[in-house]
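Engineer: Produce the complete structure using the sequences and hints provided.
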Amino acid sequence: MSSQAIETAALTKRYGDTVAVENLELWIPQGSVYGFLGPNGAGKTTTMRMLTTLIEPTSGSATVAGHSIENRNEVVEHIGYLPEEPPLHEELTGREQMEYIAGLRDIPDDEAAARIDDLFERFDLDEDADKRISAYSKGMKQKAGIVQAILHEPSVVFLDEPTSGLDPRAARTVRDTISSLAEEDATVFLSTHILPVVDELADRVGVLYDGSLVTEGAPEDLKTRAETGEEGTLEDVFLEVTREVGEV
Amino acid sequence: MALPDPRHVRDIAETELRRRWRSTRDNRVQVAALALVSVFYLLAAGIGVVGGLAAGRALSAGDVETPLRYARYGAAAALVFPAFIIGFRTAARLGSFDALDGLLTTVPHRDLAGGLLAAEGIWFAVSFGLPAILAALAVGFGAGSPALAATVLLALGAIALLGVTAGFALGFAARNVMARSEFVARHRTALGALLFVGYMALVGSGNINTVLQPVLEAVRASPVGWFADLALFPADVAAVPALAAAALVGTPILGAALFGASAWLAGRYWYGDHARGPTGETRSRRFVGGLDIHVFDGLPRPTAAVARKSWLRAIRAPIKLVYVAYPLFFLVGYLSQAFEAGEVPVGLPPLLALYGAWATGAAFTLNPLGDEGAVMPVTVTTPVTGRQFLSGLLVAGLVVGTPLSVLVAGVAAALSDLGAAAAAVTVAVALFLPPLAAGLAAGAGSLFPKFETSNITRSREAIVPSLYAFALYSLVLGLAWLPAGLGTMAADPLGDAIGVDPLAVTVGGAALTLLAGAAVALVATRHAVGRFDGFRL
Chain A
1 MSSQAIETAA
11 LTKRYGDTVA
21 VENLELWIPQ
31 GSVYGFLGPN
41 GAGKTTTMRM
51 LTTLIEPTSG
61 SATVAGHSIE
71 NRNEVVEHIG
81 YLPEEPPLHE
91 ELTGREQMEY
101 IAGLRDIPDD
111 EAAARIDDLF
121 ERFDLDEDAD
131 KRISAYSKGM
141 KQKAGIVQAI
151 LHEPSVVFLD
161 EPTSGLDPRA
171 ARTVRDTISS
181 LAEEDATVFL
191 STHILPVVDE
201 LADRVGVLYD
211 GSLVTEGAPE
221 DLKTRAETGE
231 EGTLEDVFLE
241 VTREVGEV
Chain D
1 MALPDPRHVR
11 DIAETELRRR
21 WRSTRDNRVQ
31 VAALALVSVF
41 YLLAAGIGVV
51 GGLAAGRALS
61 AGDVETPLRY
71 ARYGAAAALV
81 FPAFIIGFRT
91 AARLGSFDAL
101 DGLLTTVPHR
111 DLAGGLLAAE
121 GIWFAVSFGL
131 PAILAALAVG
141 FGAGSPALAA
151 TVLLALGAIA
161 LLGVTAGFAL
171 GFAARNVMAR
181 SEFVARHRTA
191 LGALLFVGYM
201 ALVGSGNINT
211 VLQPVLEAVR
221 ASPVGWFADL
231 ALFPADVAAV
241 PALAAAALVG
251 TPILGAALFG
261 ASAWLAGRYW
271 YGDHARGPTG
281 ETRSRRFVGG
291 LDIHVFDGLP
301 RPTAAVARKS
311 WLRAIRAPIK
321 LVYVAYPLFF
331 LVGYLSQAFE
341 AGEVPVGLPP
351 LLALYGAWAT
361 GAAFTLNPLG
371 DEGAVMPVTV
381 TTPVTGRQFL
391 SGLLVAGLVV
401 GTPLSVLVAG
411 VAAALSDLGA
421 AAAAVTVAVA
431 LFLPPLAAGL
441 AAGAGSLFPK
451 FETSNITRSR
461 EAIVPSLYAF
471 ALYSLVLGLA
481 WLPAGLGTMA
491 ADPLGDAIGV
501 DPLAVTVGGA
511 ALTLLAGAAV
521 ALVATRHAVG
531 RFDGFRL
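Residue numbers (the numbering used here), protein chains in the order written: chain A, 1 to 248; chain D, 1 to 537.
Mixed in with the good hints there might be a few duds.
The list that follows gives simulated cross-link-like pairs (lysine to aspartate or glutamate, EDC-like), each with its CA atoms no further than 16 Å apart [to be verified]:
(1) Lys320(D) with Glu90(A)
(2) Lys320(D) with Glu91(A)
(3) Lys138(A) with Glu90(A)
(4) Lys320(D) with Glu452(D)
(5) Lys141(A) with Glu121(A)
(6) Lys131(A) with Glu90(A)
Hints were generated in silico from the structure; no laboratory data involved.
Structural biologist: This is how it looks when you write it as structure tokens:
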């Protein structure tokens with residue numbers, strides 16, 4: 001068993017000659033928020049899919065919640081996952097979708113109902129719980145996807161662009177939820193392009209470029225490390241790091 | 001009303017046709033269908049030429065007693081045919097096509113309507129023009145009158161133009177009704193099913209003419225019939241010159257009026273507020289508080305969740321399962337025969353048992369991985385096992401399929417001339433084959449999963465099983481059923497041929513079917529469970 005929530009060693013994924021992720025080394029402690037940044041096509045989603053057991057790495061290894069990603073049955077007990085597109089059956093109502101996932105996770109009906117009610121209220125979905133998902137707006141679907149990912153109170157949560165398409169109030173709710181998850185000792189692996197979100201929430205930030213981790217550290221450290229000499233923003237750091245590596 | 005900008009109309013029509021051509025070209029199934037249709041197209045052109053020549057000769061020889069009357073029916077058909085085809089296409093698909101918002105914020109809506117109408121007109125001309133032109137020329141050639149060929153062509157062109165435009169307007173009128181009526185929006189699925197069943201009943205019973213005839217009669221008696229006077233003007237058939245002239249002059253006027261109506265209706269549809277179908281389910285109507293407590297009681301929670309989800313999705317979007325009804329087309333002949341003769345042919349009960357089993361497997365288990373769609377990444381990252389997941393799908397189908405299969409095959413067997421023993425064997429097959437079929441379907445669907453959506457109607461996309469899974473499943477199940485089917489339908493000749501009692505042939509055939517079915521179902525189910533457990537994106 002690893003003491004880290006997520007730990008990877010030389011994790012690599014190749015598609016033929018194309019390297020999607022190369023020699024990724026991550027140590028993410030339990031109860032922290034890890035901001036995973038990178039331009040489009042850098043390999044963020046591929047990394048998330050490997051860590052959630054959805055694709056197999058070409059080489060290297062990783063553990064999530066102390067279990068090797070080779071052992072899906074062990075890993076999935078502890079993780080929640082929100083892909084970029086909220087994974088929902090449009091024909092079901094929001095509540096039915098959550099009951100479906102709760103059923104797959106074998107959560108007792110009463111317990112599931114209480115959690116669904118609680119989370120729907122927190123995400124302002126309670127009045128729309130019995131509407132079909134096909135009638136939900138993009139933001140509502142995104143919120144339903146997040147509820148689905150944390151319904152079973154996982155110890156490690158993977159969120160791919162969780163604030164995409166959300167209005168400011170809903171985005172605030174998501175940020176508060178991420179904070180409270182970390183306070184409750186869950187680990188949040190957060191991939192997003194919205195840098196202020198990472199700046200506000202992340203304990204550590206990793207920047208992936210062309211499949212490789214090009215920089216990593218606490219947001220404050222990265223900002224002061226920026227070559228501007230003055231304290232910049234996380235956006236400055238991101239642009240500087242990805243430009244430097246691109247030039248090399 | 002201002003006229004549409006011809007450059008916009010041309011650009012929109014050109015882009016729309018290019019888009020459709022590329023979409024067809026990139027789809028292997030559509031290319032194969034196009035190749036098949038081309039054969040019929042050449043056949044139709046040949047028939048048009050032969051028919052045209054014969055009509056022209058009969059006309060010049062004075063062999064036809066009332067040519068003008070027949071020609072007026074022809075004119076009516078020439079209007080109704082494009083109006084129906086284009087009306088259906090517009091109502092089903094064209095009314096809300098890709099990039100609509102972008103175009104509506106770029107050009108006036110009448111330009112867009114004009115462009116789409118032009119595209120439809122060109123599509124219709126390419127699809128049906130050549131046989132019609134050849135037939136018109138053949139009429140003139142047969143009659144020895146180039147002038148007759150010219151007037152027939154002119155009349156056909158004019159009437160097709162009006163038919164296409166009228167169909168376009170009717171299609172948008174139907175779109176408006178569908179979009180604005182709360183009743184239609186709420187009961188869309190039921191109304192669609194009713195229309196489908198009604199159409200099938202008319203076609204199956206051979207009564208489609210009873211509907212078409214009054215329509216053609218009414219159109220023939222209208223000014224549409226004047227186009228017959230225009231077409232046959234040079235022939236010696238007492239065509240009325242004033243009516244021919246009126247048809248000629250009236251075409252652009254009526255065409256413009258129909259286009260104006262189309263553009264207005266299109267604008268009403270595109271910019272109007274649409275009624276919404278059912279989007280909510282009150283808790284009291286949900287399965288959780290009702291049926292599933294009784295139906296899925298006792299099942300492990302993950303299995304029950306999968307079964308309940310499958311039912312809910314099927315009930316809310318039954319159109320997704322329309323392919324389950326396809327084999328009924330093959331049974332239409334048998335069913336018509338049974339209705340007309342008032343007795344059930346002995347071949348029908350075993351075929352119904354086969355269909356019941358096939359439909360049970362096809363409904364929920366023929367695409368176990370792909371049918372989860374976008375939810376699949378989450379489903380496989382829950383602790384649900386392949387065995388639990390597959391069991392849920394199997395149960396969802398079996399709970400409905402098995403009793404229906406037994407009931408339908410049993411009633412048919414009781415009403416047929418099958419003996420009591422053969423009827424009992426048929427019922428046994430109807431009872432035991434569905435679970436085996438469901439297992440087999442799961443294996444075929446896992447071997448050939450399909451994750452992409454397909455057009456199930458012209459306006460609706462959904463994930464349906466792959467053609468390969470469909471074919472493999474149907475073939476293997478059909479082969480497995482063969483001993484039982486033959487043993488029931490041809491027990492006497494088979495018994496005579498191999499020198500055993502016919503009842504032994506029937507029972508032996510059914511046993512062989514169930515044994516073979518069980519063997520392949522076992523292998524297939526194990527494969528499906530393995531594919532789910534080891535699923536990777």
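Engineer: Hint by hint, note whether the structure agrees.
Structural biologist: Do the hints match the structure? See the list:
no.: 1; hint: Lys320(D) with Glu90(A); verdict: holds (13 Å)
no.: 2; hint: Lys320(D) with Glu91(A); verdict: holds (11 Å)
no.: 3; hint: Lys138(A) with Glu90(A); verdict: holds (12 Å)
no.: 4; hint: Lys320(D) with Glu452(D); verdict: holds (13 Å)
no.: 5; hint: Lys141(A) with Glu121(A); verdict: holds (15 Å)
no.: 6; hint: Lys131(A) with Glu90(A); verdict: holds (10 Å)
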